[in-house]
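A.B. asks: These protein sequences, in sequence, are chains A, B, C and D. Residue numbers for the first sequence follow our numbering, so the first one is 178 and each next one is one higher. Residue numbers for the second sequence follow our numbering, so the first one is 178 and each next one is one higher. Residue numbers for the third sequence follow our numbering, so the first one is 178 and each next one is one higher. Residue numbers for the fourth sequence follow our numbering, so the first one is 178 and each next one is one higher.
Hints in this document: simulated from the structure, not taken from any laboratory. Keep in mind that a hint or two might mislead.
To be verified - Beyond 12 Å from chain B on every Cβ pair, some chain C residues (computed):
#1 Val233
#2 Gly288
#3 Asn300
#4 Glu331
#5 Ser396
#6 Asp479
#7 Glu534
#8 Arg537
#9 Val549
#10 Leu557
#11 Glu589
#12 Ile592
Claimed, not checked - Keeping only pairs whose Cα atoms sit at most 25 Å apart, straight-line, the calculated PhoX-like set for lysine-lysine is:
#13 Lys490(A) / Lys348(A)
#14 Lys379(B) / Lys595(C)
#15 Lys379(C) / Lys502(B)
#16 Lys490(B) / Lys201(C)
#17 Lys564(D) / Lys502(A)
#18 Lys490(C) / Lys502(B)
#19 Lys348(A) / Lys427(B)
#20 Lys201(C) / Lys427(C)
#21 Lys490(D) / Lys490(A)
#22 Lys490(B) / Lys490(C)
#23 Lys564(D) / Lys490(A)
#24 Lys379(B) / Lys201(C)
#25 Lys556(B) / Lys427(B)
#26 Lys490(B) / Lys502(C)
#27 Lys379(D) / Lys556(A)
#28 Lys287(C) / Lys564(D)
#29 Lys620(D) / Lys490(A)
#30 Lys490(C) / Lys502(C)
In this text the structure is predicted, and so the values were computed from the model without any measurement. Positions of the beta carbon are idealized from the N, C-alpha and C atoms, including for glycine.
Protein chains: 4
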Amino acid sequence: MSDSQLIFDKLHEECGVVGFCCEKNSDVASLCYYALYALQHRGQQSAGIAVNDDGVITAHCDAGLVNEVFDESLLSQLGRGTMAVGHVRYSTTGHERRLNAQPMVVNHVKGIMALAHNGNLTNDAELREALEFSGSIFHSTSDTEVIAYIITKERLRASSIEEAICCAMYKLAGAYSLIIMSPQKLIAARDPYGFRPLCIGKLPDGGYMFASETCALDSVGATFIRDIAPGEIVICEKGQLRSITEHCNKCTPSICVFEYIYFARPDSYIDGYSVHLARQKAGAFLALEYPVDADVVIGVPDSGIDAALGYSKQSGIPYGMGFIKNKYIGRTFIEETQASRERGVRIKLNPIASTIEGKRVVLIDDSIVRGVTIARIVKLLRDAGAKEVHVRSSAPKFLHPCYFGTDVDSKETLIACKYTDEELVSMLGVDSLGFLSVENVTKLNGEGKTYCTGCFSGIYPCPPPPPRKKSKFLQKISQTEKE
Amino acid sequence: MSDSQLIFDKLHEECGVVGFCCEKNSDVASLCYYALYALQHRGQQSAGIAVNDDGVITAHCDAGLVNEVFDESLLSQLGRGTMAVGHVRYSTTGHERRLNAQPMVVNHVKGIMALAHNGNLTNDAELREALEFSGSIFHSTSDTEVIAYIITKERLRASSIEEAICCAMYKLAGAYSLIIMSPQKLIAARDPYGFRPLCIGKLPDGGYMFASETCALDSVGATFIRDIAPGEIVICEKGQLRSITEHCNKCTPSICVFEYIYFARPDSYIDGYSVHLARQKAGAFLALEYPVDADVVIGVPDSGIDAALGYSKQSGIPYGMGFIKNKYIGRTFIEETQASRERGVRIKLNPIASTIEGKRVVLIDDSIVRGVTIARIVKLLRDAGAKEVHVRSSAPKFLHPCYFGTDVDSKETLIACKYTDEELVSMLGVDSLGFLSVENVTKLNGEGKTYCTGCFSGIYPCPPPPPRKKSKFLQKISQTEKE
Amino acid sequence: MSDSQLIFDKLHEECGVVGFCCEKNSDVASLCYYALYALQHRGQQSAGIAVNDDGVITAHCDAGLVNEVFDESLLSQLGRGTMAVGHVRYSTTGHERRLNAQPMVVNHVKGIMALAHNGNLTNDAELREALEFSGSIFHSTSDTEVIAYIITKERLRASSIEEAICCAMYKLAGAYSLIIMSPQKLIAARDPYGFRPLCIGKLPDGGYMFASETCALDSVGATFIRDIAPGEIVICEKGQLRSITEHCNKCTPSICVFEYIYFARPDSYIDGYSVHLARQKAGAFLALEYPVDADVVIGVPDSGIDAALGYSKQSGIPYGMGFIKNKYIGRTFIEETQASRERGVRIKLNPIASTIEGKRVVLIDDSIVRGVTIARIVKLLRDAGAKEVHVRSSAPKFLHPCYFGTDVDSKETLIACKYTDEELVSMLGVDSLGFLSVENVTKLNGEGKTYCTGCFSGIYPCPPPPPRKKSKFLQKISQTEKE
Amino acid sequence: MSDSQLIFDKLHEECGVVGFCCEKNSDVASLCYYALYALQHRGQQSAGIAVNDDGVITAHCDAGLVNEVFDESLLSQLGRGTMAVGHVRYSTTGHERRLNAQPMVVNHVKGIMALAHNGNLTNDAELREALEFSGSIFHSTSDTEVIAYIITKERLRASSIEEAICCAMYKLAGAYSLIIMSPQKLIAARDPYGFRPLCIGKLPDGGYMFASETCALDSVGATFIRDIAPGEIVICEKGQLRSITEHCNKCTPSICVFEYIYFARPDSYIDGYSVHLARQKAGAFLALEYPVDADVVIGVPDSGIDAALGYSKQSGIPYGMGFIKNKYIGRTFIEETQASRERGVRIKLNPIASTIEGKRVVLIDDSIVRGVTIARIVKLLRDAGAKEVHVRSSAPKFLHPCYFGTDVDSKETLIACKYTDEELVSMLGVDSLGFLSVENVTKLNGEGKTYCTGCFSGIYPCPPPPPRKKSKFLQKISQTEKE
């Protein structure tokens, strides 16, 4: 979790998902709201909730933060029910924010279905093309609509929605953590590699919930049961859980390691391991890999703080509070005008001179993607009187695109692809610079676990999508918005 | 056109449509805005514009009046282009307002397509069911999505979009006036009965436009060319008009007579005839059918005024201004609370005592559907000192549901179905009451023309839809809205 | 009353006022809302309501129309009480809209006071200067704040608020219709000339109300009692009315004749006479003063319609419906961009060709101030095929500034000051042109009544203010607004 | 600075002030915006900016956060100028938020004046009464209006605005840090005790600024010059600073010690001393006063973190990250419904189990006022598996009301007044509890400085106001708001 994603040049997670299946009629809209609020860091562009009251689905989605999209009156319009699905989303282009907001609610031959999706299909284009050639129409540009179609097609011959999902999974390639709500069932499915997290919680008043991270469980007082296994389909119906494991144990588990480094909230447990501890460990590894003689260790708020504590503990160099972050971030138009990016950083982040002045500073950031922000932060420290600045990144170098649910799909913007270490040290104006090794990044959760480290190593667990062809017509559907 | 539709118990037209195809890149978003503004009386629940800039379609639709949905910044986001399609809509339930807003923009195998539709399919349910059985998914509950599918399916084998539309028309039953925008063509199509109006105008700066009514042409300075014939498909491409007449002259022309009586704006010409003159004639017929000895003829603003002038001219009884209508109607929450319906009428409509006091009054309204409003208006006149009140309705009695684009689909709410003339006279508190005869209503445009008068006569030009079956699951997709 | 004031080059009334004094605790906020809604034509820039619940005054004022400023939640926040004061306002500059919104609520030595004011002091600058020299501070630029100070100063030695008002009236010069609410009394006061209207109504559930026009009484079901006399102070306390007549009958009654011609709503009675009848009479006088051989008489909606009916009746030339006015005026940004003023008129007003084509038309407008709009309307008629256009203005020529509550304070913009009749005929593109004579304008209400006709004759009932000096510092307080 | 003030039972600072006086015409509205954004923690209820362009003052104030009240369009409406004054405000009742928003702009005999005020007069009621007896009217309930009057009265005979301010200061008692803008001067004044901070910065492009805290200087790149001395008046005119010291050194300097403990931002320097260091020192003193055998020291985010670091350093017990605070706080309606306060805390603050489980925890909070929040936080820790919880407050016990600019004016809500230490330990469910001693709180900035510690000790630097009399009439002016 990091504020920086709102302001700086960071990667963006695509989505957070949540679903509820209560034993009795409840205020599921509010439960969803609280859980999405806890998952807000996974997507700030749009939010949506679909409520199921005895088979009737009522939904609202819009562009904006959870507390901008929903208010008390809207939640009460969504009403009570036994099930609900919620979604927060980051999307790469502003024009499509409202159009692609989820959950997507569709009618099909056997009824109605709401889908919430976190991930990225690698065969989206092929599936879409084949569907179009059979006369399908698409309202959105999102791969969620493709998934809805594939499931619907399978539903024609399958005897149940879960069977349709299971059949569909043979056709879907890439990363997906799905929550699907039918009139009577809530179903969660995780792709066979398990790129994105998904877990199960038990609700205090009976019933179950699914969510991207455990912090969503905490927000509604639910108890963590277990993670959903890669390839697993979990069905919740009438207060009972069932599981389909047909797709399990067919591939090497490959959770995105960046969930630990940056995406997830430190108070979450992902696939059984504390994100906060993983980040502390990253800091400790850094202290071993790149030791330095210094007076104070500070972290870039908020996501560099955990690793800074780990670096401090391992190295014995005292931890200090380096910056005050203005907490009234929210919607400010300043960032949009971008009149002055320099000022932009300073407004959000002000160094505490008493911590820094005359000191040799170790500065821990969670990652260095494009390098613009870190350069500005280093300058803030220099201006505040730092004698030396040693930057340590708790992520390895970003060298390759990600095809599994984040928004870096080109090498052009990755600073580590373009410059040598010496050039980076000079460009960023630092005294030394160190990136966590790929070897150590796979040890953050203890030994023996496997990850997707494609963005660092270029080795992906499954084939990336083929290069995109340009279509005959320009087919951009955009939907302008009042903001 | 009538204000009353905003406030009282009136029928609601379903939609207004407009399309532009300019010779060169223009501010088509603004043209669309002006035209929709002129067609606002045809639908107040949602509005939308899709702009085509060299094959790239950008769209915005939302619940609200045209000037609520769009502002300057949104229009400039929609940008310039050579083509645009616009739509205003009335929908029967508030929950679906935003979901069903048009134009609908869909991607299909051969590109992208924007549809705007005025009318109502009578085989919507059958087509939808068949599509669902072939694995189609539906995002909305509107028959426009069905039309989009049918055209897309035909497009697979057709050599052009217009050919696909022509083939699709063999499958569509009921009322439809369509405007469809493909990457390179703007196409208008009217069902073979011609239930809803649709006309062609020539733009002052080159190019053509299509619109539901001629008042939209006037609003942008376009010249009226001609009406689109029932069954005709008109294609506008590269500044040229072409026509496909394969579906023409296959059925008896059956324009909805209520377009003349109530729906259309008086300054429009529908199928070649002035709406204002038709209404005056309705008043004149009423004077012949139901003469009365009286001192003054007044009309219920706004749509009763034309007929009142006609009644006055025919009868020789002086015309008077009976009411002041508060013109700051807009969005007032008063009507929504319905704290006091009595007060509601009085706030919108205040009698001018000097016209009424001590007088025998002939009061002309355009129609009497549920009877609630007219009863309140009669009471206003009595309170203002009217000696006698003789009500004349310029529409015949509403006795049958409409399946072709208005919102009366049950007899339960129609006052004329439930009571005898004597009962009505006593219930409304009037001295006499007269409805225009069905015979005369078909003469409003001159002799020899044919109409749909199904709502008055129960005789429909084509078969109404079969009674609806209840589906296995409740399938309501609703979408709540901030209002 | 005229829509035109929203769009065209018309005069603007400054304000409408209303006050309620109920026998028991009531929903006075809603009563005020309804009444202000009926008075909306007197001011569209800001609206406000102050509610008095047992001496505690709660108020809300803002820029906007009544139904924009208030919604259900705000009215319920204002709450119930026994008294309330409301105000709608037109102000000349946008920047000051919110700042100068009324009622003004002030604390003074003897408690609290809410003031609503319609009119214009002619000694505002002198009084303000004297107050400033005694150390007073001003939050607004409105003369209402001056009135509040003068009354407060008098209150120091007066034994009651009404005595303070009576003393203050010796110091106030110019036009004022005031409603003042103290903790326990509701007081109305009209300047000794009676420039602006003010009347008394009896509430259906007990108690009284004051209002600028009788249409506000109708909107809440109140019964008209009488007009407040020029110079009269009426006190309502504990359900009883009392009157102070010390300032009555000291001057010639001088109600603004333009209230009859244009400002007031046709359904109102002003100083005992029907506005609608006055306007009809203006049309009849015009027919006598400027007869013409023609085929049809039409009026510019809405305020030219009454006089057109009068002209038609007197001349025997048939009345026709000449234009359709788009009723969805509300807030449209079109007028603000002013991209195309020509288009602006056409969007609001569309001629009905069947009424006009090939006809010799008499066109009645309520007044011609700057001449821009009427020229465009004439062009619309020509384009629609009118053979001849004869314009008649039911107001005499505007030749002099008004100092008593309207916004024309310079001769520079008055078209009739700058051109001869021949020039006007040619500039407006008409076949003939006639203005009602000043002589006849004073006969609209019957013989023997006296008026202020200063704007036509240059003869004012009391001295106009001295020319303004420029102040040492630029002292504009402006307050920007979100709109 | 603390988030908690948005959500929990904390004290509220009344205001933050800022003023700019540039050498040349600049975008002072934006400068003000940035500075207010940095001072947002000092008041979240309303915000305002007044811009001075060559003597013409344009202002906008409203209820809301800085980035809610202002957007780009509003800032550009405020426009450029040479001077500006800004204000953020906390007010005790919602109804008065907009009414009392500052800067207050008033016209007086010598021109116009904008005032921004942080503090609280102790003789407000007396001054107001005397002014009312001389015929003054009050629009607000704020003591800022009283200050405006007192200065205006002095201005009548003073030869300059600064002389008037200097004379007025003899009449004003209590706490005030004022920024006043006249047509040509920007003036800052601090009361002789110096209760509230106020400092001077030099702008990068020439000219000076005044601000409550140095973090506002940082936000616009200004250089800290010095603090304004208690009693000092600083005038900035034509790029030059002058000082009036007539009121200096007449009283014992008495800056509010709570500015260091809680109000100010850690990155600010107040009267020459780092807030962050003061808080660390508070933690260190706590470790000496209340040592305990424990495994981890954690702080309540955000304002307990600094002291927790100090406690950890002094005691040698490792510092840990105890909680994740949801950073998307902003406007959420959750807190308003208060459906579940328990859930409320959990949604904002989630414990990191890996830090806490099985540990003996020292929990540092900045203060304990009403005790509700800390009890809930302790419960969160217990639920997360803490073996022991030892609470330490970096502020002494709150035992007395504050009359100098915070919102605690009664003993009724202060938990430490009502219970013994044993009762508190049991009520809060902790293993031990310790409050910083008053003696040590005065050593946070080094020895020899003097403070106001009235809220802890009951000994005030100057007399508190006399008890309030009830006024004859209920005189509440409230102004409802759309929120």
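A.B. asks: Would you mind marking each hint as holding or not holding in the structure?
C.D. replies: Status of the hints after comparison with the structure:
1. Val233: holds (25 Å)
2. Gly288: holds (33 Å)
3. Asn300: Consistent with the label, Asn300(C) stays out of reach of chain B, its closest Cβ about 34 Å off (over 12 Å).
4. Glu331: Given that every Cβ of chain B is farther than 12 Å from that of Glu331(C), nearest at about 38 Å, it holds.
5. Ser396: violated (6 Å)
6. Asp479: violated (7 Å)
7. Glu534: violated (10 Å)
8. Arg537: Arg537(C) is indeed farther than 12 Å from all Cβ atoms of chain B, at 18 Å.
9. Val549: holds (19 Å)
10. Leu557: The claim is violated: Leu557(C) sits with its nearest Cβ about 9 Å from chain B, within 12 Å.
11. Glu589: holds (30 Å)
12. Ile592: Nearest chain B Cβ is 26 Å from Ile592(C), so the label holds.
13. Lys490(A) / Lys348(A): violated (48 Å)
14. Lys379(B) / Lys595(C): violated (40 Å)
15. Lys379(C) / Lys502(B): holds (23 Å)
16. Lys490(B) / Lys201(C): violated (51 Å)
17. Lys564(D) / Lys502(A): violated (32 Å)
18. Lys490(C) / Lys502(B): holds (23 Å)
19. Lys348(A) / Lys427(B): violated (47 Å)
20. Lys201(C) / Lys427(C): violated (37 Å)
21. Lys490(D) / Lys490(A): Holds, because 13 Å separates the two Cα atoms, which is no more than 25 Å.
22. Lys490(B) / Lys490(C): Answer holds: Lys490(B) to Lys490(C) is near 13 Å, not above 25 Å.
23. Lys564(D) / Lys490(A): holds (23 Å)
24. Lys379(B) / Lys201(C): Roughly 64 Å between the alpha carbons, so the hint for Lys379(B) and Lys201(C) is violated.
25. Lys556(B) / Lys427(B): Given pair Lys556(B), Lys427(B) is violated - Cα atoms ~49 Å apart, limit 25 Å.
26. Lys490(B) / Lys502(C): holds (23 Å)
27. Lys379(D) / Lys556(A): It holds: about 21 Å lies between the C-alpha atoms, which stays within 25 Å.
28. Lys287(C) / Lys564(D): Outside the cut-off at roughly 63 Å; violated.
29. Lys620(D) / Lys490(A): violated (30 Å)
30. Lys490(C) / Lys502(C): With a Cα-Cα distance of about 23 Å, the restraint between Lys490(C) and Lys502(C) holds, given a limit of 25 Å.
Checked against the numbered hints above, the structure violates hints 5, 6, 7, 10, 13, 14, 16, 17, 19, 20, 24, 25, 28 and 29; every other hint is satisfied.
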